[in-house]
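Novice: In case you want the letters, here they are:
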Amino acid sequence: MIAQLPILQVIVPLVAAPLCLFIGRPKLVWLFTLVSSFMAFIISVVLLQQVMTNGTIIYSLGGWSAPIGIEYRIDYLNAYLSLIISATSSIILLAAHTSITAEIEESKLTLFYVLFLICLAGMLGIVASGDVFNVFVFLEISALASYSLIALGSDRRALTAALRYLLVGTVGATFILIGIGLMYITTGTLNMHDLSLQLVNVADSRTLVTAFSFFTVGVCLKLALFPLHWWLPNAYSFAPSVVGALLAATATKVAIYILLRFIFTIFGVEFSFSILPLQYILVALGLAGIFVASITAIYQQDVKQLFAYSSVAQVAYMMLALGLNNTSGLVATLLHLFNHALMKGALFLALAGVMYRVGSVQLEHFSGLGQRMPWTMAAIVIGGLSLVGLPLTVGFISKWYLLRATLENGWWPMAVLILIGSLLSIVYVWRIVEAAYFTPSVESSSNIKEAPLSILLPTWLLVLANLYFGTDTNFTVTISNLTAQYLLGASP
Amino acid sequence: MCFLLLTAFAITRAHDLLATVMLLSIYSLLCASFFVVMDAVDVAFTEAAVGAVVSTLLLLSTLSLTGRFEKPQREKPLFGLIIVLTTGALLIYGTLQMPPFGSAAAPIHQHVGSYYINQSYAETGIVNLVTSVLASYRGYDTFGELVVIFTAGVGVLALLSSQKSYPIAPIDKTILPAPMKQHHILRVVSKMLIPLILLFALYVQFHGHTGPGGGFQAGVIFASAIVLYTMIFGLQAALDVISVAWLKLFSAFGVLIYSSVGLLSLLSGENFLDYSVLAQAPIEAQHLGTLAVEMGIGITVASTIMLIFFSFSGQMHSIGEAQ
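Quick mapping for you: the protein sequence lines, in order, are chains L and E.
Heads up: the first sequence begins at 1 in the working numbering, then just goes up one per residue.
Heads up: the second sequence begins at 493 in the working numbering, then just goes up one per residue.
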């Protein structure tokens, strides 16, 4: 059974999705969804252990060994990523039923869970696959599911947000497909490992450079790198709350994973960072993204929008760290993948609680919530502090490694700029704190109670994870280090 | 090729959305013929069925909801033009150094491709190379594509099926007349055609091994017969034959057929979608596996397309009633 685990973690949610339609009762469907997500989570834990002890796992689908067939190739990077994805989705699902029942019609609940599972399976499939075309197929699966999930939002603007996301996402996917097609033309293979061997022979071809550029632009659209981020804030904020939480915690991470995989495993560091000035582009856009997105976040009235812009800034941090092109930078990117999922998962779930009780996440409705919903607000405060990067939270760990990476390159002015960027995040977190604790509550909010336990507990689970992994960095730093070494060592 | 460019240009210039949709349909048909010239018959088949027929129908039903003409806009999207030109220039720049078209020395014909060409028949016993790659060698990708289609169906259903707007109660047929009641020729001809189309769909479904065809194409053809029936005899008549609730289950059922083949291999201790567990002789096993998988594809594709079409026309009906 152990040998089948790589496929099972994708197939369990994928097969569970159509089965949901045969169940009927929304509550049972939710339980079923929750169980399958947890199964995927347990499998990913076992897989990570397997990779740690035995090294890379190769799994040939249909019994055809690569490059004839499709293979799954589980190494540190994808085991780590699928752990992040399945863990956050399971915790979010714990809160999903209470939150989603209040936000969408009852007749659509089953369909919602079907789409949720498909989205999850799509992301896990992208991460596990060792075949570039297979990655594209699963990218489409998860993207299509997330467009529909976003459009389910109760706000009518959710529809336009979803449509915009659909258009941008389709353009991104087309670019990625063009890149993959050109790679296939020059090498005749779609298997990642095989590609990395074949591409060395054609490294100077213009076709390959074009393939790389198309691919990178496509992925950057998907991961919302500034200035290609404009679709993200509306998509995250008008979606149903739990969908916002899922996408904010995982979707951009998956896109970053694809970028990492292509840069390090397929094209190799030398090609990626020497033929094109990708390194400088990433650093410049990363810096610009941090500042523009953080400043925009400060002026938002809708708290979901605020955190969505902050997500753009956080993605920019990760790209900046990647662009530094040294081991610490890569470790910082990998750490932040995990840490940011924890922060944004906690924050968006807390907002789901606010949405449930208050029915709105406008900043003006936050007044007095510090007394009315103490636990939820405390969660937002801790999540926010983690976003800022205060010691004892996970945010500090990623910032610490990022600063170390910049100093290793001797770019101390950039370190200063990063610190200024953190100051900006203090400002937008402070605006929420001010509204929640230091503004007298309005009359109409007098009957607002604490969020229900089913939302509060998962939120606090993530908040405590923020604190735990902020003090005990053993797990995250070890795994990030191993991954970084593996990626830099395995690349040709 | 020239026609293709001409049509694309005409599409961008047209302001009448109905004309745009018709031009898009022509564009798809041209694409399909282009694929035939390139010897990609299977792709041409799908393009003709999906691009020229089904998507045109869906766009037309959307148009009947929204109105025929686009809003006039004055702004000149210069920025967009620059980006498009850059992209195009980059593409041309990249393709200039591509291996020449049709050259046997090109990498795509050397590496994995030649393996498929030489070994496929011996290993799978399937005459149609495309089917063997699609259903066996890269069967997992095809499974993914099937899930994409299923997702599309579920997504449309989730967005359009609102209890307020969907006619659930069986409405008396005299109140809701069939749209084409007065066109006797259409009714008679379509009644003659529909069984033939259904039969052809089944032929395409089971003939994927030896000729162009397979589940995707068959599903679309099957669905288009039902869509024709709906257009001539009315939505209610079609819903009497097969309801939305059943279609939903059927589209899930197709995906489950495909995955159960894979799970069967898992249970016998082989890798996912390894067909060799299905029968003793490897060739026969491949045949069985492909057949089952194509069956799943056909069911899901047909029911998803019907589902999407019914959702759209259900929307039309409810709006019509409101007025």
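Where hints are given, some of them may not hold.
What the hints assert, rightly or not - Just a few of them, taken from the derived set where beta-carbon distance is under 8 Å, the chain L residues facing chain E:
1) V15
2) W64
3) L115
4) V137
5) S154
6) R156
7) V168
8) H193
9) A203
What the hints assert, rightly or not - To list a few chain L residues with every Cβ distance to chain E over 10 Å, as calculated:
10) I57
11) G62
12) L111
13) G125
14) A151
15) R164
16) R357
Calculated directly from the structure, the hints in this document are not laboratory data.
All residues carry an ideal CB built from backbone N, CA and C; glycine is no exception.
Novice: Looking at L/I57 again, its CB stays over 10 Å from all of chain E?
Specialist: holds, 12 Å
Novice: Hey, is L/G125 genuinely clear of chain E, shortest beta carbon separation above 10 Å?
Specialist: violated, 7 Å
Novice: Let me know if the C-beta of L/L115 comes in closer than 8 Å to any C-beta of chain E, holds or violated.
Specialist: holds, 6 Å
Novice: Taking 8 Å as the limit, does the beta-carbon of L/V15 come near enough to a beta-carbon in chain E?
Specialist: holds, 5 Å
Novice: Over 10 Å to the closest beta carbon of chain E is the bar; see if L/R164 clears it.
Specialist: Non-interface label on L/R164 holds, nearest chain E Cβ at 15 Å vs cutoff 10 Å.
Novice: Interface hint check: L/A203, Cβ to nearest Cβ on chain E, cutoff 8 Å. Holds or violated?
Specialist: violated, 13 Å
Novice: Would you say L/R357 is clear of chain E, with no C-beta pair closer than or equal to 10 Å?
Specialist: holds, 26 Å
Novice: Is the interface hint satisfied for L/H193? The criterion is a beta-carbon contact with chain E at less than 8 Å.
Specialist: Cβ of L/H193 sits 13 Å from chain E, so the hint is violated.
Novice: Taking the closest Cβ pair, is L/V168 under 8 Å from chain E?
Specialist: violated, 13 Å
Novice: Tell me if the interface restraint on L/W64 is satisfied: Cβ within less than 8 Å of some Cβ in chain E.
Specialist: Cβ of L/W64 sits 5 Å from chain E, so the hint holds.
Novice: Return the status of the interface hint for L/R156: holds when the least beta-carbon distance to chain E is below 8 Å, violated otherwise.
Specialist: Violated: closest Cβ of chain E sits about 12 Å from L/R156, beyond 8 Å.
Novice: Checking a non-interface call: every C-beta of chain E should be farther than 10 Å from the C-beta of L/G62. Is that right?
Specialist: violated, 4 Å
In the structure shown, a violation is registered for the earlier hints numbered 5, 6, 7, 8, 9, 11, 12, 13 and 14, in ascending order.
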